[in-house]
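Q: Below, each chain spelled out in residue letters.
There are 2 protein chains.
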Amino acid sequence: MADPVIIGTVALDSIETPFGKVRDALGGSATYASLAASFFSKPGILSIIGRDFPKNHIKFFNSRGIDTAGISLGDRTFRWQGFYEFDMNEAKTLRTELNALESYKVSVPGHYKEAKYIFLANIDPELQLEVINSIKNPELIVMDTMNFWIGHKKNQLLKTIKKADILVLNDGEARQLFGTPNLVKAANKALKMVSKAVIIKKGEHGALLFTDKKHFSAPGYPLENIKDPTGCGDTFGGALIGYIAKTKDAGEKNLRKAVVYGSILASYNAEGFGPEKLKSVSHEDIEKRYREFRDITEIS
Amino acid sequence: MADPVIIGTVALDSIETPFGKVRDALGGSATYASLAASFFSKPGILSIIGRDFPKNHIKFFNSRGIDTAGISLGDRTFRWQGFYEFDMNEAKTLRTELNALESYKVSVPGHYKEAKYIFLANIDPELQLEVINSIKNPELIVMDTMNFWIGHKKNQLLKTIKKADILVLNDGEARQLFGTPNLVKAANKALKMVSKAVIIKKGEHGALLFTDKKHFSAPGYPLENIKDPTGCGDTFGGALIGYIAKTKDAGEKNLRKAVVYGSILASYNAEGFGPEKLKSVSHEDIEKRYREFRDITEIS
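Chains A and B supply the protein sequences, listed in that same order. Heads up: the first sequence begins at 3 in the numbering used here, then just goes up one per residue. Heads up: the second sequence begins at 3 in the numbering used here, then just goes up one per residue.
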């Protein structure tokens, strides 16, 4: 059983930040999301790789209980090359090689189709929509996206958003997609399109959860040493869906907890290059930071 | 008895935002700060105005229990003209007329000298230092500043900071003053200079409180309609010192509450032009929003 099902990219990333660099490291939205989700449940990936993709990465996924039966095989793996400047706020893309991703047709293994939880990590919204249509009876569809799709496939993107229960996007994307600098206004517009909630990720400033009647603000974890923010947003979404799939509870109170777990895993992820830090984080580390999140927000 | 004593500017502001404009409205850092402080205590202003300053503003201050004995009289009132673009993030200055402020010599009335609480709102750091030296036996000195002084009087500014117990500044100023994009690093550097705490204001993203051993993150209040952010930072600082002066408690737990009250008054202030909204806010409004702050941060 693969649940949640996570569609997204599996990539080889070359990243440079003021604190170091890596070449052809394991990356991609489905990679970060499924790794984060694996702390709470048994996710299954839907993606495509090439023949050049190192087999030890697949072994690593499987060792974390991640189902890779939904990873198709193409010619050459999707590659991304980017860098961060001193303020680490935004990835600058140097090169994107779509490779196998260009002709990717979603192929959903039979045992994925029973999944109750879907995470549509960042990938073409048409592929995201195909996944929604392939899962028999999903209970919750959480969807992420990125500015590229807002700019290049807005209509398809909006069509997919209307099928989602929870939309996750970052503050810049929310402003861009809904044409307002005000995040509350953007969230209210988004809430009219999805059935349940909108989550706005704000990087170092935390995350906001909007539901019809309530608002929750999760703080940013006070990180002094950020090595590489690549994949933090995907990690956030993966931990979120993983925690919801584990607890089978998408009520507002539990969504708050899921947002905190998302923030925790994302904060750890930023402390290492690529997904390195996620490989060594323990459940104890996670619970320790959960208590810290409660402490740093406590108002008497 | 005037306590806290608040030094800063009393100005006539001309402001334009995408939602309207005002001309020669009551403004200045000491105006916003003392108005906010007046919800909790009986502040006394130290500042200078000109003969052109409308007398009804002085009457208004007095009607709110604000002591104006420390406002000197010069020739012409300090004027600021600025505007905000669509995103309302940053004030753009069109014109600054220092006028009477240019030759202002601090003159502290005798009954101010017994004050226990000092708020050094944004003004020349040399004037701020004079106030510190004029109050007999202060218990707590809270200091605000702005980017202009970081750029033009950095040495004098650092000298004054070293005499303060709590430094309040916004995120951009913290990054600029301490030469790092990382706010945790900036706060740790600042903590070495002051005796008690550093508070970083982040506008819509809330505020951070750093003390030696603890960290607190206050959320931004989810405002859908921001009319004019002018004076929000001063309002924050004024409510903070006002609440501390009222409760006579600068312990970490009470500082958190003071930060929340600062955020509440600042959030109301942004909802009106100039200090208009602060004129109509009630204690009930404040307590209502306090409960909301607790609710929007609750993690079970």
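Among the hints, a few may not be true.
All copies of an identical chain are treated as equivalent in the list; a pair is satisfied when it fits inside any one copy or across any two copies.
Claimed, not checked - Below are the DSSO-like pairs computed for lysine-lysine, each with C-alpha atoms no more than 27 Å apart in a straight line: (1) Lys248 with Lys191; (2) Lys198 with Lys44; (3) Lys44 with Lys115; (4) Lys279 with Lys248; (5) Lys279 with Lys216; (6) Lys23 with Lys187; (7) Lys94 with Lys198; (8) Lys281 with Lys23; (9) Lys191 with Lys44; (10) Lys164 with Lys216; (11) Lys255 with Lys290; (12) Lys216 with Lys138.
Worth flagging that the hints you see were computed from the coordinates, not collected in a lab.
Q: If a hint holds in the structure, say so; if it doesn't, say that too.
A: Checked hints:
no.: 1; hint: Lys248 with Lys191; result: neither (30 Å within a copy, 42 Å between copies)
no.: 2; hint: Lys198 with Lys44; result: within (24 Å within a copy, 47 Å between copies)
no.: 3; hint: Lys44 with Lys115; result: within (14 Å within a copy, 67 Å between copies)
no.: 4; hint: Lys279 with Lys248; result: within (22 Å within a copy, 46 Å between copies)
no.: 5; hint: Lys279 with Lys216; result: between (33 Å within a copy, 25 Å between copies)
no.: 6; hint: Lys23 with Lys187; result: between (39 Å within a copy, 22 Å between copies)
no.: 7; hint: Lys94 with Lys198; result: neither (33 Å within a copy, 39 Å between copies)
no.: 8; hint: Lys281 with Lys23; result: within (18 Å within a copy, 54 Å between copies)
no.: 9; hint: Lys191 with Lys44; result: neither (33 Å within a copy, 43 Å between copies)
no.: 10; hint: Lys164 with Lys216; result: within (21 Å within a copy, 43 Å between copies)
no.: 11; hint: Lys255 with Lys290; result: both (20 Å within a copy, 21 Å between copies)
no.: 12; hint: Lys216 with Lys138; result: neither (31 Å within a copy, 48 Å between copies)
Of the numbered hints given earlier, the model fails hints 1, 7, 9 and 12; all others are met.
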